[in-house]
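If you want the building blocks of each chain, they are given just below.
There are 4 protein chains.
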Amino acid sequence: MKFSFKNDYSEGCHPQILESLLRNNLDQQAGYGEDDYSKKAKDLIKAKIENDEAEVYFVSGGTQANLIVISSILRPYQCVISASTGHILNNETGAIEATGHKILSIEKEDGKLCPEDIIPVLESHQNIPHQVMPKLVYISNSTELGTIYTKKELENLSAFCKKNNLYLFMDGARLGHALTSEINDLELKDIAELTDIFYLGGTKNGALLGEVIIVTENDLRHDFAFNIKQKGALLAKGRLLGIQFLELMKEDLYFYLAKNANQQAMKIKNALSERGVGFLSDTSTNQIFPILSNKIIEVLSKKFEFYIWKKMDENSSAIRLITSWNTQNEPVEEFIKTFNSEL
Amino acid sequence: MKFSFKNDYSEGCHPQILESLLRNNLDQQAGYGEDDYSKKAKDLIKAKIENDEAEVYFVSGGTQANLIVISSILRPYQCVISASTGHILNNETGAIEATGHKILSIEKEDGKLCPEDIIPVLESHQNIPHQVMPKLVYISNSTELGTIYTKKELENLSAFCKKNNLYLFMDGARLGHALTSEINDLELKDIAELTDIFYLGGTKNGALLGEVIIVTENDLRHDFAFNIKQKGALLAKGRLLGIQFLELMKEDLYFYLAKNANQQAMKIKNALSERGVGFLSDTSTNQIFPILSNKIIEVLSKKFEFYIWKKMDENSSAIRLITSWNTQNEPVEEFIKTFNSEL
Amino acid sequence: MKFSFKNDYSEGCHPQILESLLRNNLDQQAGYGEDDYSKKAKDLIKAKIENDEAEVYFVSGGTQANLIVISSILRPYQCVISASTGHILNNETGAIEATGHKILSIEKEDGKLCPEDIIPVLESHQNIPHQVMPKLVYISNSTELGTIYTKKELENLSAFCKKNNLYLFMDGARLGHALTSEINDLELKDIAELTDIFYLGGTKNGALLGEVIIVTENDLRHDFAFNIKQKGALLAKGRLLGIQFLELMKEDLYFYLAKNANQQAMKIKNALSERGVGFLSDTSTNQIFPILSNKIIEVLSKKFEFYIWKKMDENSSAIRLITSWNTQNEPVEEFIKTFNSEL
Amino acid sequence: MKFSFKNDYSEGCHPQILESLLRNNLDQQAGYGEDDYSKKAKDLIKAKIENDEAEVYFVSGGTQANLIVISSILRPYQCVISASTGHILNNETGAIEATGHKILSIEKEDGKLCPEDIIPVLESHQNIPHQVMPKLVYISNSTELGTIYTKKELENLSAFCKKNNLYLFMDGARLGHALTSEINDLELKDIAELTDIFYLGGTKNGALLGEVIIVTENDLRHDFAFNIKQKGALLAKGRLLGIQFLELMKEDLYFYLAKNANQQAMKIKNALSERGVGFLSDTSTNQIFPILSNKIIEVLSKKFEFYIWKKMDENSSAIRLITSWNTQNEPVEEFIKTFNSEL
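Those sequence lines, one after another, are chains A, B, C and D.
In terms of the working numbering, the first sequence opens at residue 288 and continues consecutively.
In terms of the working numbering, the second sequence opens at residue 288 and continues consecutively.
In terms of the working numbering, the third sequence opens at residue 288 and continues consecutively.
In terms of the working numbering, the fourth sequence opens at residue 288 and continues consecutively.
Chain A on its own, in the form it takes in the complex (with noise of 0.2 Å):
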């Protein structure tokens, strides 16, 4: 079997989950997310960012996140805002279009959102009203390439959102990693106070599935457990999410989870860089997209699986791989000892 570097959900979930399903299975507990530990985790997770106002829901996956959080902040004439790499643009199957709503596309080589970017959508959107009305901006953090906001950045985009009336809406299906990453200066709690709503992701950090939506906008918090339900995302076992969640985050095994997969990740980097290697993009999370020979690419895909990511020229390609809360040092090594043996 060739160790996989394709994807942070490959594995099962960490072991401290199972035994705590373990441990509770038969206790009985109300459906739907009623149950005791989903309340302690929603707890949990209020305090961490000191907001007891704020609304926490579970659901299982991130397209079921998006879908649920833009169709219930949208009217039908209103649309959201994302970069060019956006998931929900490329990778979720039409789902945001599907409950009605368009998407505008900004082209973005990082995967990140200013507000220079927004401005001359929102100014190429004035024709009441024959065009869609731009009302919510989506970001991911850390994006699809890996890449993560700054302090400085979310706040700049946080007040450009409230000025123009803008709800801003953070997919956080990566958040652990961004927030444990070496160059952030982002704390959880940051983001629930610049963010209206978004979501903080456990299928790619260590849960066998799971996102938490923390809502904290005022207007957003009413009747959103009715959206949920309506789109087939509340389990009758919520028990399932809750518990999870109570592990990850009682003792911060989330964040410790995502910083391995991190570490793992810029080991590879910084071995690669050292010998010269140039990257697709400037990560410092658990995705890295160097630039091989076509010739290293054949040795290394004898050892390891990962997605040839874009073809650079005839001889070079961008390969994506990924570490997650799994990653032993041992595959890692080898990988960087199979690269630098080719060189």
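Derived from the structure by calculation, the hints contain no laboratory data.
Careful, some of the hints might be misleading.
No copy labels: a pair is met if it fits in one copy or bridges any two.
[To be verified] Once the Cα atoms are required to be at most 27 Å apart in a straight line, the calculated BS3-like pairs of lysine-lysine come out as: (1) 326 - 289; (2) 590 - 327; (3) 289 - 327; (4) 293 - 326; (5) 537 - 438; (6) 422 - 597; (7) 326 - 590; (8) 537 - 476; (9) 597 - 395; (10) 395 - 598; (11) 293 - 327; (12) 589 - 326; (13) 449 - 476; (14) 422 - 438.
Bear in mind that the values here come from a model prediction, so they are computed numbers and not experimental data.
Got chain A sorted already, so can you dock chains B, C and D onto it with the hints?
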């Protein structure tokens, strides 16, 4: 803690499932249902229904299964026919309508549809194009009232649907309970032959979550996966569903668990019947609806949790008791003892 | 050619409208409802309801008006309450559900809703978040059965809706007929005050096409135009609607035409009543539903077109007769004469 | 009053249409498109395209036609491909997305699509089921930039679509102008043969309102009427559309009117070209986009209304001039004279 007869999803899952999750936890697998466990579980299910051509999909819950199936099948102007007790009508927050489709409701005391119920609906929907076009018949087995279809009934309904160009869809959230009822004469294979599409529920029969959608009708088999992804139902760690159904199916654990639930319910039913108690609905599965005096209900409520289903008159109500795969003899005997002691 | 009592849209439009279209035909005007005629017509309507703050929009037809209004108002998980006779329930090909919203139906013989009808619906929709949230009450005046609301009835319903946080929406496809019925005690101004949003039908009262949506509720007034455009209802030559409603409104031609329709219907009603004929519904507008022997129906059918509405028994049926703004004395008298000659 | 070159829907309709409406006004006819005029108009159109099997429907406007066609054809997970200039992308308030479908945009300067444009879109949408499935190619003729397709171009595109299992849909809001352009080599019959579905615009070519949807593809011909009704597009007085298209079609008035619009635009184009003016797009229909100095634009603005389409540099902009079926020599000559006097 009171023992709860409120539903069949109060506990976690059968321990064998957790053991398998633990055993296979760190095995790297492809995502999105392309893992080996899911493939094996699908093969096992296709073998059980003796249909290699069927398409098998795993999703997380019943509302999700219902909305994906119905929105995948129907054209915008087509609608669903359901008994008035149908789960899609009353308890799914308008999930079906949210995908654009009307549900025509037929009043039925026992929750079961037969051709004679449907004929007048077809007759009253002939004002083309001013009315929706009935195209899919939604039934559940066991029904929301605990009743089940006989083979003869399902054959009649199936033939009627074929003749009238209607698709027949069975909600099998509790299909295990139906197929292991002491009065059942249907097999899983019959269900696959007599319906166009159906699902087999795991959530209410010992899984942490999960329903298996099985598509047998030729025109419906294509492109189903797109809808599953679009509706946010494709789990990144599809292995979670694959491992569970592999355990449930490989030695008929699924049916064994359902049978236990039925038997425990029947014990209570028989004990109460002997004492002259009447029931709202004549059930043979894991739901029973005894009509009791308010006084007895009050006493039972001190030891057990259950829903008061329907007020019958000033002095009595029907309650709903649900047993599960995990209901043991002890609470059942205690319930009967408590009841008897109050007579 | 037989004379048709089938509906009130068999003819073209009142000649005064065509004259105005001809007179103003080559005048260049702004598109999409920004023309002078539309502005004047809107001002006239706002003056008539004595509400300068109201928003007034013109659309082409009733189904279009209904689907725009309802989809503009409701959040995804909210639903409509309607009498079982509601046009949106039976005769609009699922147009409302196609925008994502369920309609809860209340059985009513006379097609009118009162608070007592709605209370049990609210009470049975408390299982949050598993059920849709009732949010908008849809009524029609005159109803699909030709009946009308009294001022007292509408005041009660309006107060009830306000108290229960429900919007009240009146389908006024035949509001002209309601307001000119001989037993009516409501004015157009009352309708504007007692509902949150309503429309005034032109198609069934002398226009080529067109309904006026009038929004008075504060929260609903904003951004309505976007939905009109999005649903394909914003005519490039909005002047076509503006010119028509200007003609219909400027000297109360609209009410004059509706009154004629009512009076012709009442002539037939009275003539038949005198001869002991019973009616399916006690109407005072331009729709009547006399119950006649099949033998008489057969004779009348040779000279007149009308719908057989409902079979009453082996020997008799209720028919529906509709008179229009253009129904003259001659066919009405001929109908009565033919009827009398057959007794 | 300034003369307006802003669009081709500033005036009412061709007088012959009003005369016919007047002549037939009081004739009683069946509603909802079942009138004799609509039937005759449909027969005439089927004769013109030499296809008796085609289905012909009348609707009110272009956005309505687009949303009905697209939502009728596509399954939930299928999407549209359009040039970046497509009307559905920019000027219909998200009408297509509101029916649940994504539009993939292809950047094109001239507004026209060819197979080479589409191939990379198909290639980049192979990640099944994570991406939408391209299924329908939307083109307009003439395009939003006034350009037209040659027969060869349309044949190539048509063959490509067939080969790739894509439907080809032509937005013909200005199809009359395309087919009467001096450089056109397509006939209406060719359009019917080379597309699967298209519409022929009346609103922008002399009608009060109305577009004719013509369905030739076999699988699409069925049940289309349901969608027209469901989307609120079925006029009760369908005669209004039938009478208009009967007049426009019966002696080719439709093409005569379009030709006039083209010729008037070409007069201006030629006069300006002679003086060395450049154009944003090389058009042969009733839209021209001359690039003028701001100084000249200011002078012209005093006598004429038109849109400033695009700022080219500090000193010049492209303006859009649209001529119509009713544009006479006088304003055209006056425009040219004013322009010349400023050189």
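Right, here's what the structure says about each hint:
no. : hint      : result
1   : 326 - 289 : between (41 Å within a copy, 20 Å between copies)
2   : 590 - 327 : between (43 Å within a copy, 26 Å between copies)
3   : 289 - 327 : between (40 Å within a copy, 21 Å between copies)
4   : 293 - 326 : between (34 Å within a copy, 20 Å between copies)
5   : 537 - 438 : within (25 Å within a copy, 52 Å between copies)
6   : 422 - 597 : between (33 Å within a copy, 26 Å between copies)
7   : 326 - 590 : between (44 Å within a copy, 24 Å between copies)
8   : 537 - 476 : within (16 Å within a copy, 47 Å between copies)
9   : 597 - 395 : both (16 Å within a copy, 24 Å between copies)
10  : 395 - 598 : both (18 Å within a copy, 24 Å between copies)
11  : 293 - 327 : between (34 Å within a copy, 22 Å between copies)
12  : 589 - 326 : between (47 Å within a copy, 25 Å between copies)
13  : 449 - 476 : within (18 Å within a copy, 40 Å between copies)
14  : 422 - 438 : within (23 Å within a copy, 41 Å between copies)
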